[in-house]
Amino acid sequence: MSNNMILEMKGISKSFPGVKALDEVTFSVKEGEIHCLVGENGAGKSTLMKVLSGVYPHGNYSGDIVFSGEVQKFAHISDSEKAGIAIIYQELALVPELSIYENIFLGHEIHKNGILNWNETIKQAGEVLKKVGLKINPETQIKDLGVGKQQLVEIAKALSQDVKILILDEPTAALNEDDCDNLLQLLRDLKKQGVTCIMITHKLKEIIQIADTVTVLRDGKSICTLDASAGEVSENLLIKNMVGREIDNIYPNREHKISDEIVLEVNNWSAFDTKLGRKVLDNISINLKKGEIIGFAGLMGAGRTEFARSLFGNPDNYIVSGELKINGDIKSFNHPKDAVKAGLAYLSEDRKGNGLILQQSIMENITLANLKELEKNFVIDTNAEIKIATEYSKSLRVKTPSIEQLVNNLSGGNQQKVQLAKWLFVKPHVLILDEPTRGIDVGAKFEIYTLMNELVAQGMSIIMISSELPEVLGMSDRIYVVSEGRLTGEKHISEATQENIMQLATN
Amino acid sequence: MIFKGLVKDLKTHIKDYGMFIALFVIIVLFSILTDGIFISPRNISNLLNQTGYIAVIAVGMTLVIVIRHIDLSVGFLSGFLGAIAAIALAFWNVPAFIVVPSILILGMIAGLITAYPVAKLGIPAFVASLAGWLIYRGALLLATLRTGTIIITNKGFNAIGNGYIPDLFASDTFLPDMHKFTLFIGLVAIAWLVYSSFNARKNKIKYNFEVVPFDLFILKLAFVSVIVAIVTWILAGYNGLSWTLVIVLLVVGIYNFITKKTVVGRHIYAVGGNPEAAELSGIDVKKITFLVFGSMGMLSGLSGILFASRLQSATTTAGTLLELDAIAAAYIGGVSAAGGVGSVVGSLIGAIVYTSLTSGMNLMGIDISSQYIVRGAVLAGAVIFDVATRKIGNK
Ligand SMILES: Nc1ncnc2c1ncn2[C@@H]1O[C@H](COP(=O)(O)OP(=O)(O)OP(=O)(O)O)[C@@H](O)[C@H]1O
Ligand SMILES: [Mg+2]
Numbered sequence: 001m002s003n004n005m006i007l008e009m010k011g012i013s014k015s016f017p018g019v020k021a022l023d024e025v026t027f028s029v030k031e032g033e034i035h036c037l038v039g040e041n042g043a044g045k046s047t048l049m050k051v052l053s054g055v056y057p058h059g060n061y062s063g064d065i066v067f068s069g070e071v072q073k074f075a076h077i078s079d080s081e082k083a084g085i086a087i088i089y090q091e092l093a094l095v096p097e098l099s100i101y102e103n104i105f106l107g108h109e110i111h112k113n114g115i116l117n118w119n120e121t122i123k124q125a126g127e128v129l130k131k132v133g134l135k136i137n138p139e140t141q142i143k144d145l146g147v148g149k150q151q152l153v154e155i156a157k158a159l160s161q162d163v164k165i166l167i168l169d170e171p172t173a174a175l176n177e178d179d180c181d182n183l184l185q186l187l188r189d190l191k192k193q194g195v196t197c198i199m200i201t202h203k204l205k206e207i208i209q210i211a212d213t214v215t216v217l218r219d220g221k222s223i224c225t226l227d228a229s230a231g232e233v234s235e236n237l238l239i240k241n242m243v244g245r246e247i248d249n250i251y252p253n254r255e256h257k258i259s260d261e262i263v264l265e266v267n268n269w270s271a272f273d274t275k276l277g278r279k280v281l282d283n284i285s286i287n288l289k290k291g292e293i294i295g296f297a298g299l300m301g302a303g304r305t306e307f308a309r310s311l312f313g314n315p316d317n318y319i320v321s322g323e324l325k326i327n328g329d330i331k332s333f334n335h336p337k338d339a340v341k342a343g344l345a346y347l348s349e350d351r352k353g354n355g356l357i358l359q360q361s362i363m364e365n366i367t368l369a370n371l372k373e374l375e376k377n378f379v380i381d382t383n384a385e386i387k388i389a390t391e392y393s394k395s396l397r398v399k400t401p402s403i404e405q406l407v408n409n410l411s412g413g414n415q416q417k418v419q420l421a422k423w424l425f426v427k428p429h430v431l432i433l434d435e436p437t438r439g440i441d442v443g444a445k446f447e448i449y450t451l452m453n454e455l456v457a458q459g460m461s462i463i464m465i466s467s468e469l470p471e472v473l474g475m476s477d478r479i480y481v482v483s484e485g486r487l488t489g490e491k492h493i494s495e496a497t498q499e500n501i502m503q504l505a506t507n
Numbered sequence: 001m002i003f004k005g006l007v008k009d010l011k012t013h014i015k016d017y018g019m020f021i022a023l024f025v026i027i028v029l030f031s032i033l034t035d036g037i038f039i040s041p042r043n044i045s046n047l048l049n050q051t052g053y054i055a056v057i058a059v060g061m062t063l064v065i066v067i068r069h070i071d072l073s074v075g076f077l078s079g080f081l082g083a084i085a086a087i088a089l090a091f092w093n094v095p096a097f098i099v100v101p102s103i104l105i106l107g108m109i110a111g112l113i114t115a116y117p118v119a120k121l122g123i124p125a126f127v128a129s130l131a132g133w134l135i136y137r138g139a140l141l142l143a144t145l146r147t148g149t150i151i152i153t154n155k156g157f158n159a160i161g162n163g164y165i166p167d168l169f170a171s172d173t174f175l176p177d178m179h180k181f182t183l184f185i186g187l188v189a190i191a192w193l194v195y196s197s198f199n200a201r202k203n204k205i206k207y208n209f210e211v212v213p214f215d216l217f218i219l220k221l222a223f224v225s226v227i228v229a230i231v232t233w234i235l236a237g238y239n240g241l242s243w244t245l246v247i248v249l250l251v252v253g254i255y256n257f258i259t260k261k262t263v264v265g266r267h268i269y270a271v272g273g274n275p276e277a278a279e280l281s282g283i284d285v286k287k288i289t290f291l292v293f294g295s296m297g298m299l300s301g302l303s304g305i306l307f308a309s310r311l312q313s314a315t316t317t318a319g320t321l322l323e324l325d326a327i328a329a330a331y332i333g334g335v336s337a338a339g340g341v342g343s344v345v346g347s348l349i350g351a352i353v354y355t356s357l358t359s360g361m362n363l364m365g366i367d368i369s370s371q372y373i374v375r376g377a378v379l380a381g382a383v384i385f386d387v388a389t390r391k392i393g394n395k
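Protein sequences appear in the order of chains A and B. According to this note's numbering, numbering within the first sequence proceeds without interruption in unit steps and concludes at 507. According to this note's numbering, numbering within the second sequence proceeds without interruption in unit steps and concludes at 395.
Read the hints as simulated data drawn from the structure, not as lab findings. Some hints here could point you the wrong way.
With a straight-line cut-off of 25 Å between C-alpha atoms, the simulated DSS-like cross-links for lysine-lysine are [said to hold, decoys possible]:
| # | chain 1 | residue 1 | chain 2 | residue 2 |
| --- | --- | --- | --- | --- |
| 1 | A | 275 | B | 287 |
| 2 | A | 275 | A | 221 |
| 3 | B | 261 | A | 341 |
| 4 | B | 220 | A | 376 |
Start from the sequences, fold in the hints, and give me the full structure.
Structure, rendered in structure tokens:
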């Protein structure tokens, strides 16, 4: 049976202090297939791939890795690279200031006696870019590319070396639908060229579209392996195996009880980015009622994040014009702290970059934005802090042995929950969620949606920015569509469809 | 069996104890090499007094490095402010109780001025403070131009760097040769240390937090207590606690409290850990930058006072390279250049390690060229150790 297995991981176990991240996991991949690795946040998917690629070197885990018919003992990532394993991490690892071609050959520079051969580099870069279907000048700097294209550059970088197995850790988490489709198509093409692919993802639809085989992990154990050709890969079955129970309705039901009271009103809002030297927002007017969830749909880069940040104290120092009213009073914020004081909270789309303090504990992150409340006689009340942090981390079901755990050691989804907990502790009136379910598993998504419903039921109002249309349609009361910094439409949920929103977004 | 377990525990927690062990090794080594002169009461007392003006700057520098900046101007700033103090005392006959707070305020203003281009204009602190380095160096030369060394005769002021606390419990019958008030303070310190350690541990256990194994906990506590006891005993056998030491301990105590227990402290570390995330969490990063540099300037003033009062004069070279000594002390004490990590107590220990090296090698008669090389090697070793043990922690 193992004839056509390119990779077999047998009995892999790996522990961190207080956590058994992998427990006797078995994972086999056939040559030339697309194999999806799925499971809840913290199930151990990323850890398993780090074991495979030598991030956790041999001796640091127990069990065997058989790759291309040989037992492998990688001591370093470069060993696994040499063997033909390329991994693209959950977080992109490109140097923003360097050009595409420099990034592609970073660490594998083409040179003769130490002198770089740029012409050859650019030529070869052009070739791999063609392979991933990116028609763009290889001399463009990474920072000028959108996330979707950056992702393709990452793949091009992997392909520039001799790869037998390509591992992608949540490649589509930050992509919009078009970019996702492109990526999936690319993976199919690569498969035809004989590249085996392991993909970690939380998007069930993608799995169904593309997977030949699916392995489900739960709590560090391999639960089952499903074969698509045998018709075993269905949404229900996936959810059941991942979560351990059935979820009938991904978007929990809610009574839409919205009052007429307008909590937030924005009129003729424009913003000019002095660094880019162009207008990023053009004359946007919206309103938000008490107890309402409004969805912000649009393509990546449409200006939704810019809009949220310009409202939230404008940390990017855009030149802003327009009127902002909270509970009917005109406000102007000079700093995020003013916005927080006025009852706004903004959950960042980039949790690692500007959402969390990675080398601090879960507790310190949760309380950070509202330490004042814990202050007693100029001193932070430790007992109260522990109590609050425990409470929030329990109610959001952050998976961790202790709230003293460093956020850096949490899985992506659990980091997101910590970020959310931080803002809930501020007890805002208006909660702006920027891609709140990015990188979050189905079970946790359901929890977050349920939580959102509870919050609005208690009278909070939510602005949800999301690139996942089904989510916007599933959760919002009203939808605003943004395209290139302009508001191109507003739809009540009853009249919104995937098609008409998409059309407005590309307007 | 027990011992084996202990060694294993020590290994996993080596990061927390590395510095204490290093300090211990240095003390033992020099004591042997100098036939005990190193731990003679006189030398220990001198050594701690010398540590004073480096330590206060290292404390301020710790926070500057924690928020990912650096301040090179503090050495000459401290020298310059020392000269101003000397001029005020010697030529203008200003009383010491006015000079000292004025110098601290001047220092703070200087720090805020350094902070301005850093916080408001986004100029790298290295460059902004390098400008300060040049300016204060020139200012120091200018201040001492006409007179050269300025002698300070103010007794009260000079006591700061040379005086000792009075013995409130003086007695001719009970331990007549000892400074009993110093012993008393040492005793209180140990009692408080034991109490607060047990209390903190109990609290952590109550909340199911990770605690170091009990044997290691006791070992560390015993070790620190014994060190405090020995040092107190040695000092009590000489002149007792010096005012310098009292000031340094106060500064470290206050800063430790602020960084560990208060909102401002938490904000400082948050800014160091991730400035953008801190800003978006409603923390005013600019304000924190001003605060940290302001405190740095104030401590430079304090350091200038300690130095001038110790020498009972202001010289043209006061404070030269002091900034680099303080930076070295902070790094030896475990501050991370990546930001967000480092403690003021660590920097105090770092400063003591650093001056111990100087003092020990001086006693051994090692020439200055070799001394620099050894100090450099220790600094490199400390930073490598820090990085290496951090990796262990991550795995
Ligand atoms: N360096 C580390 N130190 C301590 N615990 C860790 C470390 N890395 C991972 N863990 C823990 O191991 C478990 C598995 O984490 P892993 O990142 O593999 O999850 P994942 O399946 O990739 O989740 P996600 O879908 O959220 O990315 C989690 O409970 C996590 O907290
Ligand atoms: Mg992961």
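Status of the hints after comparison with the structure:
1. Between residue 275 (chain A) and residue 287 (chain B) the CA atoms are separated by roughly 23 Å; this keeps the pair inside 25 Å, and the hint holds.
2. Distance restraint check for residue 275 (chain A) and residue 221 (chain A): the Cα-Cα separation of roughly 48 Å exceeds the 25 Å cut-off, and the hinted pair is therefore not satisfied.
3. Restraint check for residue 261 (chain B) and residue 341 (chain A): the C-alpha separation of about 23 Å stays at or below 25 Å, so the hint holds.
4. Restraint check for residue 220 (chain B) and residue 376 (chain A): the C-alpha separation of about 31 Å exceeds 25 Å, so the hint is violated.
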